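Produce the complete structure using the sequences and hints provided.
Residue numbers (my numbering), protein chains in the order written: chain A, 1 to 268; chain B, 1 to 409.
Hints in this document: simulated from the structure, not taken from any laboratory. Treat the numbers as computed from the prediction; the structure is a model and nothing was measured. Each hint should be verified, as a subset may be incorrect.
Stated by the list, open to error - Below, simulated EDC-like cross-link-like pairs (lysine to aspartate or glutamate); rule was C-alpha separation at most 16 Å, straight line:
hint : chain 1 : residue 1 : chain 2 : residue 2
1    : B       : LYS372    : B       : GLU404
2    : B       : LYS36     : B       : GLU26
3    : B       : LYS22     : B       : ASP240
4    : B       : LYS204    : B       : GLU393
5    : A       : LYS126    : B       : GLU404
6    : A       : LYS126    : B       : GLU337
Claimed, not checked - Have a look at the derived ranges for each label pair, beta carbon to beta carbon:
hint : chain 1 : residue 1 : chain 2 : residue 2 : range
7    : B       : ARG139    : A       : ARG187    : 52 to 62 Å
8    : A       : THR161    : B       : ASP87     : 39 to 49 Å
9    : B       : GLY14     : A       : LEU144    : 54 to 64 Å
10   : A       : ASP117    : B       : ARG139    : 56 to 66 Å
11   : B       : GLY110    : A       : ILE150    : 34 to 44 Å
We put the beta carbon where it would ideally sit given N, CA and C, even for glycine.
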Amino acid sequence: MIQVMRCFCGVDIGASTAKLVLINESRETLAKAIRRSGVDYAAAAEQNLAEALSAAGLARGELRGSVSTGYGRDNVPWADGRMTEIACHGKGAFFHFRRAMTVVDIGAQDSKVIHLDDAGRRTSFKMNRKCAAGTGAFLEEIALRLNLAISDLNGLAERSTKDVTLGSFCTVFSATEILAKIRAGERVEDIVKGAFRSVVKRILEMDTVDGALVMTGGVVAHNPFLVKLVGETLGRPALVPPAPQFVGAFGAALFALERAERGDEPCS
Amino acid sequence: MPPAPERREFQSTGKMREVMGKYFAELGRGAQEGKKTAWCTSVGPAELLRALGFNVYFPENHAAMLGAARMATDLIPLANARGFSPDICSYLTSDIGSYLKGETPLQKMGLKGVPKADVLVFNTNQCRDVKDWFQFYAREWGVPCLGIHTPRAIGDVTEPIIEVGAKQLEALVEPLEAVAGAKLDLDRLREVVALSRQCALLWKAVLETAASVPSPLTFFDGTIQMGPAVVLRGSQDAVDYYQALLAELKERVAKGVAAVEGERFRIYWEGMPIWGRLKNLSQQFLELRTCVVASTYCNSWVFDALDPSDPFRSMARAYSSIFICRSEDQKEQYIREMVAKFRVDGILYHDAKTCPNNSNNRYQMPQRLREKLGKPFLVVNGDLNDLRLYSEEQTRTNIEAFVEQLAEA
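Written as structure tokens, this is what we have:
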């Protein structure tokens with residue numbers, strides 16, 4: 001007898017990248033896919049799904065449920081349900097660290113601070129204001145000003161030997177400050193670390209951190225040194241789940257599984 | 001899944017449009033009919049002005065119209081360029097921008113423009129900006145700008161506070177008589193105060209129908225229905241209108257008609273409306289089957305302290321009792337009572353960038369009330385009129401996430 005696999009999909013269409021995770025009934029990750037969200041969110045979701053199904057050796061018919069999240073959550077026509085990225089990052093993070101926690105998610109366009117109690121219920125949350133400070137967009141702008149690839153930032157910051165402070169949270173003002181630092185002969189490594197510290201300060205002024213500190217998101221995934229700085233600043237370790245950039249999509253997949261278990265109707 | 005519910009219109013709305021149309025038509029004809037026009041802040045001495053025979057015009061109402069018509073964001077920069085900072089009241093900057101450009105939604109109602117003031121009368125009970133706003137026009141037109149300076153952060157409305165308000169109101173009579181060309185008839189003032197009180201009590205009763213579960217009206221309905229309470233208090237037209245609206249609401253309550261079909265959660269809106277996005281927000285809450293049942297804002301036109309037997313002192317008491325000029329303790333107590341009365345599940349605070357006086361999330365109030373009431377809160381960053389300060393996407397996600405949180409609890 002052929003065993004039919006039942007799988008569940010979470011798709012997180014973020015401002016910069018579209019992430020997709022397939023899980024099985026045991027909540028194990030079967031496959032992941034990621035690509036630029038681009039301008040056609042539905043196409044990005046579709047391509048991710050095809051890629052992940054292929055990688056897992058599954059047929060589309062084995063998909064038993066799906067939930068979309070992220071800015072493009074309304075643009076995934078085949079999703080059975082949708083949840084905000086705040087719910088999904090909380091869900092995904094709690095799966096890995098079952099305790100009261102504060103999840104700090106740093107994405108391309110926004111940052112979130114999410115408080116969960118010891119049962120994983122959200123008690124409060126906060127998103128950044130309409131401002132790029134404390135987000136991936138801030139670091140992208142800084143990389144551009146310094147004529148660096150965004151992927152170079154983490155390595156450079158790690159090599160910093162001196163504290164250079166950027167006083168402003170404002171991306172535009174920080175870029176101006178950077179020009180002044182360059183004129184003053186500061187090293188690029190130290191300026192980049194200063195930019196990292198600026199992100200950390202902005203995040204930590206958004207809200208308090210209670211319980212365990214868990215960090216997720218693309219900026220966290222690609223910049224472990226920034227995570228270290230957060231931990232140092234708070235005087236406690238910052239926990240990072242596996243595949244931090246996929247935590248939102250993973251949380252969405254967990255919601256998809258729960259929806260299927262409850263027998264919920266598709267939302268559209 | 002069933003289709004998203006639609007907003008239920010009120011039968012009385014047609015009557016409201018008539019009443020408001022008549023009000024604006026009278027304002028438009030004012031000068032040619034030899035009537036004098038007084039500009040008045042929303043909680044300024046409208047009763048006194050009406051009793052003196054002025055046509056009373058409320059620029060805050062006009063500014064809200066600029067916001068709702070989504071004209072404000074294009075007009076604000078004109079005022080900014082003349083030295084009014086983008087960080088100050090966007091009612092002020094959009095209204096002055098409208099004047100500078102010569103564009104107003106009133107033109108669609110057949111008026112040539114905003115009615116020129118013969119006198120401008122402010123009350124600083126709301127903020128200092130109203131005075132700065134009126135003084136601009138006083139300089140432009142060479143007309144008097146008079147007003148009342150009300151203390152702010154008032155705890156209990158005590159005798160000295162009433163005394164200082166009443167004295168200032170009495171001192172306005174003589175200069176206003178000079179502009180009006182008529183003497184104040186005290187009996188007429190009592191009559192206007194009585195009508196104003198009646199309007200206020202009816203408006204309060206209208207808003208209190210939302211204490212029913214499900215609620216027959218939403219905050220978004222309230223922002224439309226409040227028009228007569230804002231511009232026509234002290235008139236019979238406003239009283240008649242709210243009697244009709246109240247009857248309709250009572251009928252909704254009796255029949256269990258919900259403003260939000262399938263109402264799951266009830267939210268309190270603290271702070272200014274986001275005028276240019278009311279429709280979108282109303283629709284989002286409908287889709288989330290969540291009713292914004294009450295607000296501080298709509299209740300700001302409930303002047304139950306008015307008393308025709310003691311007009312000046314009762315006006316002073318009423319104008320000094322409004323939420324915006326009260327202390328944090330008083331504000332906190334007020335919201336606690338509202339949350340209990342309207343059986344609220346959570347509180348949404350609108351942090352309006354250009355309106356610090358009416359953004360009550362900035363001194364830890366949400367955290368204190370969460371502690372005391374055990375109700376979650378959400379802060380939405382935005383503005384009353386300047387949509388450059390508002391993020392549609394962030395707000396949409398924040399509200400959706402807040403309702404998810406209520407569902408989880």
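Structure-based check of each hint:
Under the criterion of a C-alpha separation no larger than 16 Å, the hint pairing B/LYS372 with B/GLU404 is inconsistent with the structure, at around 22 Å. At most 16 Å may separate the alpha-carbon atoms for a hinted pair to count; B/LYS36 and B/GLU26 meet this at roughly 11 Å. Restraint check for B/LYS22 and B/ASP240: the C-alpha separation of about 14 Å stays at or below 16 Å, so the hint holds. A C-alpha spacing of about 34 Å is found between B/LYS204 and B/GLU393, which places the hinted pair above 16 Å, so the restraint is violated.
This hinted pair checks out: A/LYS126 and B/GLU404 have alpha carbons roughly 14 Å apart, not beyond 16 Å. Of the supplied pair hints, the one linking A/LYS126 and B/GLU337 is violated, its CA atoms being roughly 26 Å apart against a limit of 16 Å. Evaluation of the 52 to 62 Å hint for B/ARG139 and A/ARG187 yields a pass: the beta carbon distance comes to about 55 Å. As the Cβ distance of A/THR161 to B/ASP87 is approximately 40 Å, the hint placing it in 39 to 49 Å holds.
A hinted range of 54 to 64 Å for the beta carbons of B/GLY14 and A/LEU144 is consistent with their spacing of about 56 Å. Take A/ASP117 and B/ARG139: their Cβ atoms lie about 58 Å apart, and the range 56 to 66 Å holds. Distance hint check: the CB atoms of B/GLY110 and A/ILE150 are about 57 Å apart, inconsistent with the given range 34 to 44 Å.
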